[in-house]
Structure formats: structure tokens, C-alpha cells
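Chemist: One letter stands for each residue in the lines below.
Number of protein chains: 2
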Amino acid sequence: MRLPIGTEWVLHCVTTLAQTEPETATSAAQLATYYDLPVASLAKQLQSLVKSGILIGSPGPGGGFRMGMDPDRITLLAIVEAVDGAGPHYICREIRQRGTGALPPSECKNPCILAVRMDEAHRAWRDSLASVTVADVLAELPDEAPARTRRRLIR
Amino acid sequence: MRLPIGTEWVLHCVTTLAQTEPETATSAAQLATYYDLPVASLAKQLQSLVKSGILIGSPGPGGGFRMGMDPDRITLLAIVEAVDGAGPHYICREIRQRGTGALPPSECKNPCILAVRMDEAHRAWRDSLASVTVADVLAELPDEAPARTRRRLIR
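Chains A and B, in that order, are what the protein sequence lines are.
All residue numbers for the first sequence refer to this note's numbering, where the first residue is 1 and numbers rise by one.
All residue numbers for the second sequence refer to this note's numbering, where the first residue is 1001 and numbers rise by one.
Looking at chain A on its own, in the form it has when it is part of the complex (with noise of 0.2 Å):
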């Protein structure tokens, strides 16, 4: 089970934006050659960024993406499920009611203790991911790191 290679490629993204100005649009190319990749592919993970309220988006020359929220309003489970979706890990497809082996209705009346071990711990999982924000990782940065970002985020 892995996160698709853009999961990567948005944390950093929005962690960038997050430390330009408020007001400044900054383009899918910028952000590219920032991190020497490829445009794209970039442009289409910043879309789904923009999809769900983290980033704002600007069509047209001088256009591109600022942040859409407060940093220590993003989770980094929000950005990690912008790209990958929000769905669950593991799918019950109910196997325990198929086949010879297949339990009475009245004893499926609860979800699957299986799905049930499942579910908790992607749960663990989401839980991990929605404590950390954005400002968070701000936080870790050096105090010189957001004004070398802007200076190196060139048009």
C-alpha cells in the first residue's frame, strides 16, 4: 500500500506557498523548477488542492495558487487525502456471508470484527495526520527559511 508519488510533491508545495505573501499567486512552473519537477503533473495534484479549499487558484497569465487557509487549519491529513482521496484502506467485501461458508444474516448484523480491527487502525492513521498542521511544520523550519523561499521561488 503506497501514497502516490505527488503526496510528496503537494506536502512540500503547500508548505512553500505557505511561506510566501499572502496576496502572491504563484505559478505550477515556479513551484516545478523550485523542486525540479515535472509541470504537469504538478499543476494537475495543485488542482486538487484547490478542489478542497487549501489552495486558491488563478487562471491566466500572473495567475497560479496561494494558500486558500490558514496554516494551523491545514492538516497534513487534509493534503495527503486532497490527492489520495479520503476512502479507507481496507475494503470488506463481505466474504464471511459467500460461499459454503457463508454466516446467517442474524449473525452479520454487525460490521465484520476483521473490518472492524481494520477500520481502527486507519483511524490511528488519520488521527496521526490531523494532529500535525502546516503551521506546525512552519515551526520546524530555521527563521531564515520563508524570505530564502521567496528569494528562490523566482518567475
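It should be emphasised that the hints constitute simulated quantities derived from the structure, not laboratory data.
Be aware that one or more of the hints could be misleading.
List of simulated lysine to aspartate or glutamate pairs, EDC-like, C-alpha gap at most 16 Å [stated by the list, open to error]:
no., chain 1, residue 1, chain 2, residue 2
1, A, 109, B, 1140
2, B, 1109, B, 1094
3, B, 1109, A, 140
4, B, 1044, B, 1081
5, A, 109, A, 94
6, B, 1051, B, 1081
Over 10 Å on every C-beta distance to chain B, these chain A residues come out as not near it, computed from the model [unchecked claim]:
no., residue
7, 20
8, 62
9, 147
Even glycine gets a Cβ: it sits at the ideal position worked out from N, Cα and C.
Let chain A serve as the given structure and place chain B on it in line with the hints.
Modeler: Just chain B now, kept in the frame of chain A:
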């Protein structure tokens, strides 16, 4: 990010085998009939469980699969990772060291803070699944389940 479809199969099959007599082998075909699953794909998944020591496989007619460890020593994590691998969900490709934004090596001695947080979430997921054994799952089944399971596992 999705676990393979076989995850549900192996979780159920190990739980089923844990209800059989310790010395009795159950074939992939029996388990496939029991859960109405494609036998060739299921056999492959069961072989992964043999490789990891969870099951013992014996070839030939009358052969099949039986438990390789006590149910209280088999965690859900071990079963899931036997078929899906134990690798991380998130791969850090160090994009912080690429492009025009590349950080100096002196700032990259520690792992990227985003990778650290993603790794913590992975650990939370693993810890959750490692805290549940097959014995715990068996304890949740109705008292009559093992006898019924054995009866229905027709050759």
C-alpha cells in the same frame, strides 16, 4: 491508498484455519469454496503466508495449509504485511534537495520533517494492527463457530 483485495481473504483464511484441528491440512480449494474465491489467486496469497511463517504448506494430494504459529502470536499486522509488504506508505524522495529551492546539505542532516510526520502516522497504523492477534479475533466469535467452520470446510 488501498490494500490489495486479497487482504480480506487472508485475514479470513487465517482466522478459519485457526479453528481447524492443528494437524489437519486444509487445501486452497477448500478455502476457496468456503469463501467463494478464485482458487489460483487465493493459493498465491496463502503462499505468502507460508513464506512469512504464519502458515505451514504441505504439497501434494491431501496436502494444504495449517497454522505455523499459535493464534496469540499472529498479529493482524503480520498477516497484512505478509501479502502487502512491510514497506512505508510514504516514500521521501528528498525533493527538498532538488531544483532551485534545493536546501544545503547542512540543513538535510536530519530527515525531512514531513517524512518524519508521515512516518509517525505509518507507525500509528502499524501499532494498531500489531495490537490485535488472531486469538483476539477468535475470542469475538460465537462459541459454536469452530465446530461449524470445521463441518463446512468440506473436502
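Chemist: When the hints from earlier in the document are held up against this structure, which numbers fail?
Modeler: none
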